[in-house]
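Peer 1: Sequence:
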Amino acid sequence: MRATHSKKVGTGSNKRPEKLNVHIRNSWRTKLQLIRSMIGYKKSLSEWQCLLEFKMGRGSPIPPMLRQKMVKQYQKGVSQRKIAKSSKLSSSTVHNIIQRFRESGTISVRKGHGRKTILDCHDLRALRRHCITYRNATVMEITTWALEYFQKTLSVNTIHCAIRRCWLKLYRSKKPYLNMIQKRRCFLWAKAHLKWTVAKWKTVLWSDESKFEVLFGKLGRHVIRTKEDKDNPSCYQGSVQKPASLMVWGCMSACGMGSLHIWKGTINAERYIQVLEQHMLPSRRRLFQGRPCIFQYDNARPHTASITTSWLRRRIRVLKWPACSPDLSPIENICRIIKRKMRQRRPKTAEQLEACIRQEWDNIPIPKLEQLVSSVPRRLQTVIKRGDATQW
1 MRATHSKKVG TGSNKRPEKL NVHIRNSWRT KLQLIRSMIG YKKSLSEWQC LLEFKMGRGS
61 PIPPMLRQKM VKQYQKGVSQ RKIAKSSKLS SSTVHNIIQR FRESGTISVR KGHGRKTILD
121 CHDLRALRRH CITYRNATVM EITTWALEYF QKTLSVNTIH CAIRRCWLKL YRSKKPYLNM
181 IQKRRCFLWA KAHLKWTVAK WKTVLWSDES KFEVLFGKLG RHVIRTKEDK DNPSCYQGSV
241 QKPASLMVWG CMSACGMGSL HIWKGTINAE RYIQVLEQHM LPSRRRLFQG RPCIFQYDNA
301 RPHTASITTS WLRRRIRVLK WPACSPDLSP IENICRIIKR KMRQRRPKTA EQLEACIRQE
361 WDNIPIPKLE QLVSSVPRRL QTVIKRGDAT QW
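Mapping to UniProt numbering: the sequence shown position 297 is 297, numbers consecutive.
Treat the hints loosely; a few may be bogus.
Stated by the list, open to error - Straight-line distance between alpha carbons at most 27 angstroms, and here's what the computed DSS-like set of lysine-lysine pairs gives:
1. LYS341 <-> LYS264
2. LYS320 <-> LYS368
3. LYS152 <-> LYS116
4. LYS230 <-> LYS211
5. LYS230 <-> LYS169
6. LYS82 <-> LYS72
7. LYS183 <-> LYS202
8. LYS348 <-> LYS242
Since the hints were derived computationally from the structure, they do not count as laboratory data.
Work out the full structure: start from the sequences and follow the hints.
Peer 2: This is the structure in C-alpha coordinates:
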(Lines of atoms letter the chains of each structure in order from A and count residues from 1; the text may use other names and numbers.)
(Lines give C-alpha, C1' and ligand atoms only; values in the text may rest on other atoms or scores of the structure.)
Protein backbone atom coordinates (compact mmCIF):
# COMPACT_ATOMS: atom_id res chain seq x y z
CA MET A 1 0.00 0.00 0.00
CA ARG A 2 1.41 3.43 -0.91
CA ALA A 3 0.40 6.85 0.40
CA THR A 4 0.71 9.97 -1.78
CA HIS A 5 0.72 13.57 -0.58
CA SER A 6 1.04 16.55 -2.91
CA LYS A 7 0.80 19.48 -0.47
CA LYS A 8 3.71 21.28 1.06
CA VAL A 9 4.11 20.48 4.71
CA GLY A 10 5.34 23.21 7.05
CA THR A 11 7.42 26.25 6.18
CA GLY A 12 11.12 26.85 5.89
CA SER A 13 13.99 27.51 3.55
CA ASN A 14 14.48 23.85 2.56
CA LYS A 15 12.68 22.72 -0.57
CA ARG A 16 9.80 20.31 -0.03
CA PRO A 17 8.96 17.63 -2.58
CA GLU A 18 5.57 18.09 -4.20
CA LYS A 19 4.93 14.38 -4.33
CA LEU A 20 5.86 11.97 -1.59
CA ASN A 21 5.61 8.23 -2.04
CA VAL A 22 6.31 6.25 1.09
CA HIS A 23 6.19 2.48 1.27
CA ILE A 24 4.43 1.39 4.42
CA ARG A 25 6.54 -1.30 6.01
CA ASN A 26 5.61 -3.29 9.08
CA SER A 27 4.20 -0.48 11.22
CA TRP A 28 3.16 3.14 11.15
CA ARG A 29 6.22 4.10 13.21
CA THR A 30 8.59 2.98 10.44
CA LYS A 31 6.68 5.07 7.91
CA LEU A 32 6.76 8.16 10.08
CA GLN A 33 10.51 7.85 10.58
CA LEU A 34 11.02 7.56 6.82
CA ILE A 35 8.84 10.63 6.17
CA ARG A 36 10.67 12.71 8.76
CA SER A 37 14.11 11.72 7.48
CA MET A 38 13.13 12.60 3.88
CA ILE A 39 11.53 16.01 4.35
CA GLY A 40 13.20 17.10 7.58
CA TYR A 41 9.91 18.17 9.15
CA LYS A 42 8.92 17.33 12.72
CA LYS A 43 5.24 16.89 13.44
CA SER A 44 3.40 15.09 16.19
CA LEU A 45 2.63 11.44 15.71
CA SER A 46 -1.10 12.08 15.74
CA GLU A 47 -0.85 14.70 12.98
CA TRP A 48 1.21 12.39 10.82
CA GLN A 49 -1.21 9.53 11.44
CA CYS A 50 -4.11 11.68 10.27
CA LEU A 51 -2.04 13.12 7.43
CA LEU A 52 -0.96 9.88 5.78
CA GLU A 53 -4.43 8.32 5.77
CA PHE A 54 -3.61 4.70 6.31
CA LYS A 55 -5.21 1.94 8.29
CA MET A 56 -3.26 0.35 11.12
CA GLY A 57 -3.02 -3.42 11.20
CA ARG A 58 -5.16 -5.56 13.38
CA GLY A 59 -3.83 -5.65 16.92
CA SER A 60 -1.50 -2.63 16.45
CA PRO A 61 -1.38 -0.41 19.57
CA ILE A 62 -2.83 3.08 19.25
CA PRO A 63 -0.15 5.78 19.78
CA PRO A 64 -0.40 7.48 23.18
CA MET A 65 -0.59 10.93 21.62
CA LEU A 66 -3.51 9.85 19.46
CA ARG A 67 -5.36 8.35 22.44
CA GLN A 68 -4.77 11.55 24.39
CA LYS A 69 -6.14 13.61 21.53
CA MET A 70 -9.30 11.47 21.38
CA VAL A 71 -9.85 11.89 25.11
CA LYS A 72 -9.48 15.66 24.84
CA GLN A 73 -12.01 15.76 22.00
CA TYR A 74 -14.41 13.66 24.08
CA GLN A 75 -14.05 16.05 27.03
CA LYS A 76 -14.88 18.95 24.71
CA GLY A 77 -18.17 17.28 23.80
CA VAL A 78 -17.28 15.74 20.43
CA SER A 79 -19.21 12.55 19.75
CA GLN A 80 -17.41 9.24 19.52
CA ARG A 81 -18.56 8.75 15.93
CA LYS A 82 -16.94 12.03 14.83
CA ILE A 83 -13.77 11.17 16.77
CA ALA A 84 -13.57 7.78 15.04
CA LYS A 85 -14.14 9.38 11.63
CA SER A 86 -11.45 12.04 12.12
CA SER A 87 -8.98 9.53 13.53
CA LYS A 88 -9.60 6.93 10.81
CA LEU A 89 -10.38 4.32 13.45
CA SER A 90 -13.32 2.08 14.14
CA SER A 91 -16.04 3.22 16.51
CA SER A 92 -15.45 0.22 18.79
CA THR A 93 -11.78 1.16 19.22
CA VAL A 94 -12.65 4.73 20.17
CA HIS A 95 -15.39 3.47 22.50
CA ASN A 96 -12.97 1.12 24.29
CA ILE A 97 -10.35 3.85 24.79
CA ILE A 98 -12.89 6.32 26.17
CA GLN A 99 -14.53 3.64 28.32
CA ARG A 100 -11.15 2.75 29.85
CA PHE A 101 -10.51 6.43 30.54
CA ARG A 102 -13.90 6.84 32.26
CA GLU A 103 -13.38 3.74 34.43
CA SER A 104 -9.71 4.01 35.41
CA GLY A 105 -8.77 7.57 34.50
CA THR A 106 -5.84 6.42 32.35
CA ILE A 107 -5.25 6.00 28.64
CA SER A 108 -2.46 3.42 28.91
CA VAL A 109 -2.82 0.07 27.18
CA ARG A 110 -3.46 -2.86 29.44
CA LYS A 111 -0.69 -5.44 29.42
CA GLY A 112 -1.73 -8.66 27.73
CA HIS A 113 -1.59 -11.77 29.85
CA GLY A 114 -0.56 -14.13 27.07
CA ARG A 115 -0.54 -17.87 27.33
CA LYS A 116 -0.46 -19.30 30.82
CA THR A 117 2.63 -21.26 31.79
CA ILE A 118 2.38 -24.99 32.35
CA LEU A 119 4.17 -24.81 35.71
CA ASP A 120 2.78 -22.36 38.24
CA CYS A 121 4.60 -20.84 41.20
CA HIS A 122 4.00 -23.88 43.41
CA ASP A 123 5.41 -26.20 40.76
CA LEU A 124 8.45 -23.97 40.33
CA ARG A 125 9.18 -24.11 44.05
CA ALA A 126 9.01 -27.90 43.97
CA LEU A 127 11.27 -27.95 40.91
CA ARG A 128 13.77 -25.67 42.61
CA ARG A 129 13.89 -27.87 45.70
CA HIS A 130 14.49 -30.95 43.55
CA CYS A 131 17.27 -29.25 41.55
CA ILE A 132 19.03 -28.04 44.69
CA THR A 133 18.75 -31.50 46.27
CA TYR A 134 20.09 -33.28 43.15
CA ARG A 135 22.54 -30.74 41.78
CA ASN A 136 24.37 -33.22 39.54
CA ALA A 137 21.25 -34.48 37.77
CA THR A 138 20.95 -33.94 34.03
CA VAL A 139 18.07 -32.06 32.43
CA MET A 140 16.73 -35.34 31.04
CA GLU A 141 16.67 -36.88 34.51
CA ILE A 142 14.91 -33.82 35.92
CA THR A 143 12.37 -33.99 33.07
CA THR A 144 11.67 -37.66 33.85
CA TRP A 145 11.10 -36.79 37.50
CA ALA A 146 8.87 -33.82 36.60
CA LEU A 147 6.64 -35.95 34.35
CA GLU A 148 5.95 -38.33 37.22
CA TYR A 149 5.68 -35.66 39.92
CA PHE A 150 3.53 -33.01 38.18
CA GLN A 151 1.53 -35.39 35.94
CA LYS A 152 1.74 -32.85 33.09
CA THR A 153 3.02 -32.95 29.53
CA LEU A 154 6.52 -31.50 29.77
CA SER A 155 9.48 -31.45 27.39
CA VAL A 156 13.19 -31.00 27.99
CA ASN A 157 13.04 -27.43 26.66
CA THR A 158 10.16 -26.61 29.02
CA ILE A 159 12.13 -27.88 32.02
CA HIS A 160 15.22 -26.01 30.85
CA CYS A 161 13.24 -22.75 30.73
CA ALA A 162 11.62 -23.52 34.08
CA ILE A 163 15.06 -23.99 35.66
CA ARG A 164 16.03 -20.51 34.49
CA ARG A 165 12.76 -19.15 35.92
CA CYS A 166 13.84 -20.63 39.26
CA TRP A 167 16.95 -18.41 39.14
CA LEU A 168 19.15 -21.44 38.53
CA LYS A 169 21.57 -22.14 35.72
CA LEU A 170 23.60 -25.08 34.47
CA TYR A 171 27.33 -24.72 35.08
CA ARG A 172 30.36 -26.92 34.55
CA SER A 173 32.55 -27.15 37.63
CA LYS A 174 35.23 -29.77 38.18
CA LYS A 175 36.92 -30.28 41.49
CA PRO A 176 39.14 -33.15 42.70
CA TYR A 177 37.31 -35.93 44.49
CA LEU A 178 38.20 -36.29 48.17
CA ASN A 179 37.24 -39.30 50.26
CA MET A 180 36.63 -39.04 53.97
CA ILE A 181 40.22 -39.79 54.94
CA GLN A 182 41.59 -37.18 52.52
CA LYS A 183 39.09 -34.59 53.72
CA ARG A 184 40.13 -35.24 57.32
CA ARG A 185 43.84 -34.94 56.52
CA CYS A 186 43.28 -31.78 54.52
CA PHE A 187 41.28 -30.30 57.39
CA LEU A 188 44.03 -31.09 59.91
CA TRP A 189 46.71 -29.68 57.61
CA ALA A 190 44.77 -26.45 57.13
CA LYS A 191 44.21 -26.15 60.85
CA ALA A 192 47.94 -26.68 61.54
CA HIS A 193 49.00 -23.98 59.06
CA LEU A 194 46.22 -21.50 59.77
CA LYS A 195 48.49 -19.43 62.04
CA TRP A 196 50.98 -18.79 59.28
CA THR A 197 51.08 -15.15 58.29
CA VAL A 198 51.17 -13.81 54.75
CA ALA A 199 54.86 -13.01 55.21
CA LYS A 200 55.45 -16.67 56.06
CA TRP A 201 53.66 -17.83 52.92
CA LYS A 202 55.76 -15.45 50.84
CA THR A 203 58.83 -17.53 51.76
CA VAL A 204 57.37 -20.57 49.96
CA LEU A 205 58.66 -21.59 46.53
CA TRP A 206 55.62 -23.07 44.77
CA SER A 207 56.05 -25.66 42.01
CA ASP A 208 53.75 -27.58 39.73
CA GLU A 209 53.57 -29.61 36.52
CA SER A 210 50.90 -29.24 33.90
CA LYS A 211 50.08 -30.60 30.46
CA PHE A 212 49.45 -28.26 27.52
CA GLU A 213 47.96 -29.47 24.23
CA VAL A 214 47.88 -27.98 20.76
CA LEU A 215 44.28 -26.90 20.16
CA PHE A 216 42.54 -27.92 16.94
CA GLY A 217 39.11 -27.20 15.54
CA LYS A 218 37.03 -24.10 16.13
CA LEU A 219 36.54 -21.92 19.15
CA GLY A 220 33.97 -22.77 21.78
CA ARG A 221 32.57 -25.98 23.14
CA HIS A 222 29.22 -25.66 21.36
CA VAL A 223 28.06 -25.04 17.80
CA ILE A 224 25.16 -22.70 17.12
CA ARG A 225 22.97 -24.24 14.43
CA THR A 226 19.43 -25.23 13.55
CA LYS A 227 18.06 -28.73 13.77
CA GLU A 228 18.32 -29.13 10.00
CA ASP A 229 22.04 -28.18 9.96
CA LYS A 230 23.20 -31.29 11.81
CA ASP A 231 24.85 -32.68 8.63
CA ASN A 232 26.38 -29.37 7.56
CA PRO A 233 30.22 -29.70 7.55
CA SER A 234 30.59 -26.14 8.82
CA CYS A 235 28.75 -27.17 12.01
CA TYR A 236 31.12 -30.03 12.88
CA GLN A 237 33.40 -29.66 15.86
CA GLY A 238 36.75 -31.01 14.71
CA SER A 239 38.80 -32.99 17.22
CA VAL A 240 42.09 -34.88 17.23
CA GLN A 241 42.45 -38.18 19.04
CA LYS A 242 46.03 -37.59 20.25
CA PRO A 243 47.05 -33.95 19.77
CA ALA A 244 50.61 -32.79 20.24
CA SER A 245 51.24 -31.97 23.89
CA LEU A 246 53.97 -30.64 26.16
CA MET A 247 54.68 -31.17 29.83
CA VAL A 248 55.61 -28.00 31.70
CA TRP A 249 57.30 -27.69 35.08
CA GLY A 250 57.62 -24.30 36.71
CA CYS A 251 58.03 -22.61 40.05
CA MET A 252 57.06 -19.21 41.45
CA SER A 253 56.95 -17.20 44.62
CA ALA A 254 55.62 -13.82 45.69
CA CYS A 255 58.96 -12.33 44.56
CA GLY A 256 58.61 -13.37 40.92
CA MET A 257 58.44 -16.21 38.42
CA GLY A 258 61.03 -18.96 38.53
CA SER A 259 62.51 -21.08 35.77
CA LEU A 260 60.41 -23.01 33.28
CA HIS A 261 61.20 -26.48 31.97
CA ILE A 262 59.29 -27.92 29.00
CA TRP A 263 59.59 -31.45 27.61
CA LYS A 264 57.64 -34.07 25.71
CA GLY A 265 56.41 -37.28 27.25
CA THR A 266 56.23 -38.38 30.87
CA ILE A 267 58.62 -37.97 33.76
CA ASN A 268 60.09 -40.30 36.37
CA ALA A 269 61.95 -39.76 39.63
CA GLU A 270 65.43 -39.57 38.07
CA ARG A 271 64.34 -37.03 35.49
CA TYR A 272 62.48 -35.02 38.13
CA ILE A 273 65.67 -34.76 40.21
CA GLN A 274 67.48 -33.41 37.13
CA VAL A 275 64.77 -30.78 36.71
CA LEU A 276 65.18 -29.75 40.34
CA GLU A 277 68.95 -29.47 40.00
CA GLN A 278 68.81 -27.47 36.76
CA HIS A 279 65.82 -25.21 37.47
CA MET A 280 64.64 -25.28 41.08
CA LEU A 281 67.98 -24.55 42.79
CA PRO A 282 68.88 -21.63 40.45
CA SER A 283 65.38 -20.20 40.88
CA ARG A 284 65.72 -20.35 44.66
CA ARG A 285 69.04 -18.49 44.56
CA ARG A 286 67.66 -15.85 42.16
CA LEU A 287 64.33 -15.23 43.92
CA PHE A 288 65.36 -15.44 47.59
CA GLN A 289 69.07 -14.45 47.34
CA GLY A 290 70.22 -16.58 50.24
CA ARG A 291 67.16 -16.04 52.43
CA PRO A 292 65.54 -19.20 53.88
CA CYS A 293 62.65 -20.62 51.88
CA ILE A 294 60.33 -23.63 51.82
CA PHE A 295 59.80 -25.77 48.75
CA GLN A 296 56.25 -26.92 47.93
CA TYR A 297 55.32 -29.77 45.59
CA ASP A 298 52.33 -32.07 45.22
CA ASN A 299 52.12 -35.81 45.85
CA ALA A 300 52.73 -37.13 42.35
CA ARG A 301 54.62 -40.44 42.23
CA PRO A 302 57.93 -39.02 40.94
CA HIS A 303 57.77 -36.42 43.75
CA THR A 304 57.17 -38.89 46.57
CA ALA A 305 59.70 -41.49 45.44
CA SER A 306 62.30 -42.42 48.04
CA ILE A 307 65.25 -41.11 45.99
CA THR A 308 63.43 -37.80 45.44
CA THR A 309 62.56 -37.29 49.12
CA SER A 310 66.09 -38.16 50.23
CA TRP A 311 67.56 -35.72 47.67
CA LEU A 312 65.27 -32.92 48.81
CA ARG A 313 65.86 -33.59 52.49
CA ARG A 314 69.58 -32.83 52.09
CA ARG A 315 69.14 -29.58 50.15
CA ILE A 316 65.98 -27.64 51.05
CA ARG A 317 63.19 -27.50 53.58
CA VAL A 318 60.01 -29.10 52.22
CA LEU A 319 56.37 -28.16 52.89
CA LYS A 320 54.26 -31.24 53.52
CA TRP A 321 51.25 -31.12 51.20
CA PRO A 322 47.82 -32.82 51.54
CA ALA A 323 46.67 -35.19 48.81
CA CYS A 324 44.34 -34.03 45.99
CA SER A 325 44.50 -30.36 47.00
CA PRO A 326 45.44 -28.35 43.89
CA ASP A 327 42.98 -25.62 44.89
CA LEU A 328 45.22 -24.65 47.81
CA SER A 329 48.26 -23.93 45.63
CA PRO A 330 48.42 -20.47 43.98
CA ILE A 331 50.59 -21.76 41.11
CA GLU A 332 47.56 -23.72 39.88
CA ASN A 333 45.90 -20.38 39.16
CA ILE A 334 48.95 -19.36 37.10
CA CYS A 335 48.63 -22.53 35.00
CA ARG A 336 44.94 -21.81 34.51
CA ILE A 337 45.69 -18.27 33.34
CA ILE A 338 48.27 -19.50 30.82
CA LYS A 339 45.92 -22.18 29.47
CA ARG A 340 43.25 -19.54 28.96
CA LYS A 341 45.78 -17.47 27.02
CA MET A 342 46.62 -20.52 24.89
CA ARG A 343 42.95 -20.95 23.97
CA GLN A 344 42.91 -17.34 22.83
CA ARG A 345 46.17 -17.45 20.86
CA ARG A 346 45.55 -20.88 19.29
CA PRO A 347 49.11 -22.09 18.52
CA LYS A 348 49.20 -24.56 15.61
CA THR A 349 52.38 -26.54 16.36
CA ALA A 350 54.30 -27.73 19.40
CA GLU A 351 57.04 -25.16 18.70
CA GLN A 352 54.53 -22.33 18.64
CA LEU A 353 52.93 -23.72 21.80
CA GLU A 354 56.26 -23.71 23.63
CA ALA A 355 57.04 -20.16 22.51
CA CYS A 356 53.62 -18.93 23.62
CA ILE A 357 53.93 -20.63 27.01
CA ARG A 358 57.31 -19.06 27.69
CA GLN A 359 56.06 -15.64 26.62
CA GLU A 360 52.97 -15.76 28.80
CA TRP A 361 54.99 -17.16 31.71
CA ASP A 362 57.32 -14.16 31.63
CA ASN A 363 54.40 -11.71 31.34
CA ILE A 364 52.83 -12.64 34.70
CA PRO A 365 53.10 -9.45 36.84
CA ILE A 366 54.45 -9.54 40.37
CA PRO A 367 51.32 -7.89 41.89
CA LYS A 368 49.32 -10.86 40.58
CA LEU A 369 51.71 -13.25 42.32
CA GLU A 370 51.46 -11.33 45.58
CA GLN A 371 47.67 -11.38 45.33
CA LEU A 372 47.57 -15.15 44.82
CA VAL A 373 50.03 -15.90 47.62
CA SER A 374 48.14 -13.60 49.99
CA SER A 375 44.96 -15.60 49.35
CA VAL A 376 46.37 -18.80 50.91
CA PRO A 377 45.14 -17.99 54.47
CA ARG A 378 41.62 -17.43 53.11
CA ARG A 379 41.80 -20.77 51.32
CA LEU A 380 42.68 -22.51 54.56
CA GLN A 381 39.78 -20.83 56.34
CA THR A 382 37.46 -22.07 53.58
CA VAL A 383 38.75 -25.63 54.01
CA ILE A 384 38.09 -25.48 57.76
CA LYS A 385 34.63 -24.02 57.18
CA ARG A 386 33.55 -26.38 54.38
CA GLY A 387 35.64 -29.47 55.04
CA ASP A 388 35.87 -29.96 51.27
CA ALA A 389 37.35 -28.42 48.11
CA THR A 390 37.43 -24.62 47.89
CA GLN A 391 36.26 -22.24 45.17
CA TRP A 392 39.80 -21.48 44.09
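Peer 1: Give a verdict on every hint.
Peer 2: Do the hints match the structure? See the list:
no.	hint	result
1	LYS341 <-> LYS264	20 angstroms, holds
2	LYS320 <-> LYS368	25 angstroms, holds
3	LYS152 <-> LYS116	14 angstroms, holds
4	LYS230 <-> LYS211	33 angstroms, violated
5	LYS230 <-> LYS169	26 angstroms, holds
6	LYS82 <-> LYS72	13 angstroms, holds
7	LYS183 <-> LYS202	26 angstroms, holds
8	LYS348 <-> LYS242	14 angstroms, holds
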